[in-house]
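Number of protein chains: 2
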Amino acid sequence: MNTPAENTGNPAAHAPGMPVIAVIGDGQLARMMQTEAIELGCSIRVLAGAPDSSAAQVCADVLIGDYTDIGDLRRAVDGADAVTFDHEHVPNEHLDALIAEGVNVQPQPSALIFAQDKLVMRKRLGEIGAPVPRFAAIDSVEDAAVFFDEVDGAVCLKARRGGYDGNGVWFPDSREGLGTLVEKLLSEGVPLMAEEKLSFTRELSAMVARTPSGEVRPWPVVESVQSGGICVEAIAPAPGMSDEQRERAEKLSVSVAEALGVTGVLAVELFEVDGEIFVNELAMRPHNTGHWTQEGSVTSQFEQHLRAVLDFPLGSTETLAPVTVMANVLGADKEPEMSVTGRCVEVWRRFPEAKIHLYGKGYRPGRKLGHVNVVGSDVEQTRKTAAAAAHFLMHGEWDDNYLNKKEH
Amino acid sequence: MNTPAENTGNPAAHAPGMPVIAVIGDGQLARMMQTEAIELGCSIRVLAGAPDSSAAQVCADVLIGDYTDIGDLRRAVDGADAVTFDHEHVPNEHLDALIAEGVNVQPQPSALIFAQDKLVMRKRLGEIGAPVPRFAAIDSVEDAAVFFDEVDGAVCLKARRGGYDGNGVWFPDSREGLGTLVEKLLSEGVPLMAEEKLSFTRELSAMVARTPSGEVRPWPVVESVQSGGICVEAIAPAPGMSDEQRERAEKLSVSVAEALGVTGVLAVELFEVDGEIFVNELAMRPHNTGHWTQEGSVTSQFEQHLRAVLDFPLGSTETLAPVTVMANVLGADKEPEMSVTGRCVEVWRRFPEAKIHLYGKGYRPGRKLGHVNVVGSDVEQTRKTAAAAAHFLMHGEWDDNYLNKKEH
Ligand SMILES: Nc1ncnc2c1ncn2[C@@H]1O[C@H](COP(=O)(O)OP(=O)(O)O)[C@@H](O)[C@H]1O
Ligand SMILES: Nc1ncnc2c1ncn2[C@@H]1O[C@H](COP(=O)(O)OP(=O)(O)O)[C@@H](O)[C@H]1O
Ligand SMILES: [Mg+2]
Ligand SMILES: [Mg+2]
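Chains as they are written, first to last, in the UniProt record's numbering: chain A, 1 to 408; chain B, 1 to 408.
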């Protein structure tokens with residue numbers, strides 16, 4: 001802490017009369033907000049950890065600092081019309097302090113807490129009648145044993161805070177395994193909760209944006225395919241849903257946004273079990289399952305997020321194609337010998353319709369390096385194209401059976 | 001000249017392993033290239049006249065300098081994988097010098113000359129059999145008088161170089177008027193040409209991208225509506241053309257790109273006269289009549305331009321909607337009292353489907369401040385929405401008859 005911020009702030013980066021949004025965090029979400037800010041004529045000041053981070057690379061007003069340091073936060077938000085986030089990890093006490101000083105923070109910590117703490121989220125969603133798996137606080141090995149029996153051993157243990165991409169989620173398959181894990185994690189000081197492990201048909205994501213004034217617009221619900229806890233694919237709209245099911249999921253996302261006072265973009269991750277839906281978790285920012293909107297929706301989630309946090313009217317969330325598929329580009333175990341531009345060239349040569357989005361990051365196993373969006377009319381064909389393109393970008397070789405091999 | 005460049009060059013702005021494109025010029029075209037560079041993971045270094053110019057505002061690697069100064073140009077292109085342009089005004093002798101030094105300039109001066117000098121362009125197009133209006137070099141009042149008679153007084157006088165938005169185009173209505181004008185302009189050292197003033201039905205624009213390797217992809221031909229020499233609206237695809245007419249215009253743009261060795265995006269401005277087409281002029285960069293591609297085409301002209309100058313495979317130019325309309329936002333004589341954000345809010349409240357693009361420029365009469373894109377299915381409805389939105393952004397008041405009042 002107390003890292004002195006290296007302020008490379010640049011007043012020339014901000015257009016006359018147009019709002020400035022301070023974005024805390026320097027990842028690909030902040031980067032893609034900049035893409036949309038440019039077109040809106042707004043501008044972004046990024047609080048970044050490093051000058052060559054994904055977002056800092058592409059912004060003209062970058063402040064290098066630490067998002068857990070109130071001094072750095074104060075410098076980053078100075079003069080901004082709104083403050084928003086690339087991630088959920090800014091300490092809420094700092095946000096409360098900024099709000100007390102008159103800073104316009106969106107979403108507010110009173111909403112953010114439900115994206116930060118999975119137990120607090122589960123309790124609140126239960127209160128508002130949103131469908132959630134059975135769950136319990138786990139403060140001891142005994143709590144764990146009791147819950148294990150309650151759910152007949154179908155248990156999912158979760159770190160309450162700080163998890164991402166499946167880190168912080170465990171599926172112990174015995175009471176003993178659960179006990180050992182709980183004991184270890186509690187002794188490390190990790191606050192825990194458990195929930196019923198659902199045998200879901202698939203995962204869905206219902207995304208919505210809401211403004212401080214209360215305007216709300218959902219996008220169509222999408223199917224999201226995870227592999228090892230990481231989102232690898234999103235299909236928009238989710239195939240095979242009845243109108244009634246779609247509407248139910250969209251209404252759920254709207255009611256969660258309203259009940260929790262969310263502003264900006266909200267992603268409601270869902271499990272589909274025999275046509276019923278249960279909420280998994282919430283994200284209060286643009287989300288991996290919303291990247292398809294860049295090509296597939298009139299208003300992308302990044303533009304909508306900026307408009308929402310500025311309390312501007314929201315844009316149309318109509319789709320531009322019968323189907324849009326997003327496939328993530330993740331670092332493989334071994335970096336391909338072919339250069340990244342060489343891989344792009346091969347992909348584009350074969351698929352002129354593949355929209356490659358890269359985040360400016362160095363190759364590292366498991367790292368989210370980019371994504372590919374493809375719009376189309378046939379679901380399976382579009383999925384195949386997106387998957388084959390993403391696979392080539394990851395591995396430097398074609399594997400057209402990639403889609404069939406993915407865990408579902 | 002010899003202005004020392006203030007190099008704010010920022011190595012951290014460039015992603016590992018990804019190409020750097022040096023863009024000469026700091027206007028909205030360079031700005032919108034940055035939007036696409038971010039998503040491609042490439043990066044842009046801008047040679048800008050001022051740190052708060054349209055493009056400099058949004059780029060992380062900005063060099064302040066003078067594009068007519070070879071020293072500034074050298075610094076701007078240092079280490080870049082390709083060099084391209086926001087405008088046509090870089091002296092060709094400097095570009096030749098850079099090429100001799102091994103710099104990858106795209107498009108090359110051997111092609112650029114046809115976008116810089118309207119007489120050279122007319123001659124070359126005539127040679128390759130492209131349909132052009134009758135024309136003549138005007139080096140004296142006598143030349144002008146001879147040509148006036150040749151075209152029965154239907155004369156259009158043009159400055160050979162440096163014209164834009166109708167500056168540098170005159171329609172004298174008498175032989176005397178023409179003579180006086182020619183005398184004045186020649187005495188001021190303005191090189192001139194004249195061509196037949198065509199009574200066109202409408203103006204069209206055929207856009208295409210071409211790579212150094214020779215891949216070519218046209219977009220659908222659009223109708224472009226000018227008012228006072230400035231493009232105010234583009235309708236994509238151009239309504240009411242037969243398949244055969246479309247194909248002829250697209251083929252023409254392809255053959256011009258190939259014959260002239262154009263690389264990057266080429267706009268071929270056309271006049272439609274009784275179903276026949278004639279070439280007006282050429283632009284070798286993204287063009288106002290191609291802004292619709294940001295929302296209406298799988299690949300926008302800005303992404304395509306970057307891919308083309310890097311000799312990457314080109315993207316699909318399929319449309320995403322039955323019709324996309326672009327309406328320009330130009331500064332009116334008087335700046336509205338309502339703030340620019342206030343105007344955006346009103347437009348979005350009424351038209352959630354209106355995509356507003358702003359260039360970060362201060363308000364000035366006649367200045368291109370931004371544009372609005374609207375995708376739709378009904379041509380007249382979509383035109384009305386785009387026009388009403390643009391009108392409000394310009395004037396701060398509604399005028400739904402705006403479209404009908406425009407000169408056609
Ligand atoms: N209760 C559950 N039942 C079955 N699978 C689950 C459950 N909770 C999480 N998962 C699986 O683990 C993934 C990651 O869990 P999640 O709580 O979303 O953590 P993260 O914060 O890492 O995204 C989910 O997308 C899902 O595939
Ligand atoms: N030969 C012509 N006949 C009729 N109108 C013309 C002719 N040439 C130009 N114009 C009109 O003037 C506008 C501007 O001319 P152009 O040569 O394109 O100049 P600029 O470089 O300013 O765009 C055209 O878009 C068209 O409306
Ligand atoms: Mg999750
Ligand atoms: Mg013109």
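Hints listed in this document are in silico derivations from the structure and should not be mistaken for laboratory results.
It should be emphasised that the depicted structure is a prediction, and the values quoted were computed from it without experimental measurement.
We put the beta carbon where it would ideally sit given N, CA and C, even for glycine.
There may be inaccurate statements among the hints.
If you anchor each label on the Cβ, the simulated ranges turn out as follows [claimed, not checked]: (1) A:377 <-> B:188: 53 to 63 Å; (2) B:129 <-> A:377: 54 to 64 Å; (3) A:240 <-> B:401: 55 to 65 Å; (4) A:377 <-> B:230: 45 to 55 Å; (5) A:377 <-> B:164: 34 to 44 Å; (6) A:331 <-> B:102: 28 to 38 Å; (7) B:214 <-> A:50: 56 to 66 Å; (8) B:78 <-> A:49: 21 to 31 Å; (9) B:129 <-> A:11: 51 to 61 Å; (10) B:377 <-> A:336: 23 to 33 Å; (11) A:331 <-> B:214: 47 to 57 Å; (12) A:123 <-> B:401: 51 to 61 Å; (13) B:381 <-> A:240: 25 to 35 Å; (14) B:78 <-> A:123: 54 to 64 Å.
Comparing the hints with the structure gives:
1. At roughly 58 Å, the beta-carbon separation of residue 377 of chain A and residue 188 of chain B lies within the given 53 to 63 Å, and the hint holds.
2. At roughly 39 Å, the beta carbons of residue 129 of chain B and residue 377 of chain A sit outside the given window of 54 to 64 Å.
3. One distance hint, 55 to 65 Å for the beta-carbon pair residue 240 of chain A and residue 401 of chain B, is violated here, with the actual separation near 47 Å.
4. Distance hint for residue 377 of chain A and residue 230 of chain B: a CB-CB separation of about 38 Å, inconsistent with the stated range 45 to 55 Å.
5. Hint check: residue 377 of chain A to residue 164 of chain B, Cβ distance near 41 Å, so the stated range 34 to 44 Å holds.
6. Checked against the hint of 28 to 38 Å, the pair residue 331 of chain A and residue 102 of chain B passes, with Cβ atoms roughly 34 Å apart.
7. A hinted range of 56 to 66 Å for the beta carbons of residue 214 of chain B and residue 50 of chain A is inconsistent with their spacing of about 41 Å.
8. Residue 78 of chain B and residue 49 of chain A have their C-beta atoms about 28 Å apart, which keeps the hinted 21 to 31 Å range intact.
9. A C-beta distance of roughly 54 Å is found between residue 129 of chain B and residue 11 of chain A, which places it inside the suggested range of 51 to 61 Å.
10. A C-beta distance of roughly 43 Å is found between residue 377 of chain B and residue 336 of chain A, which places it outside the suggested range of 23 to 33 Å.
11. Under the hint 47 to 57 Å, the C-beta atoms of residue 331 of chain A and residue 214 of chain B, about 34 Å apart, miss the expected range.
12. As the Cβ distance of residue 123 of chain A to residue 401 of chain B is approximately 57 Å, the hint placing it in 51 to 61 Å holds.
13. For the pair residue 381 of chain B and residue 240 of chain A, the beta carbons lie near 33 Å from each other, so the given range of 25 to 35 Å is met.
14. Separation of residue 78 of chain B from residue 123 of chain A is about 58 Å and conforms to the stated range, judged on CB atoms against 54 to 64 Å.
In summary, the structure is inconsistent with hints 2, 3, 4, 7, 10 and 11 from the numbered list given earlier, while agreeing with the others.
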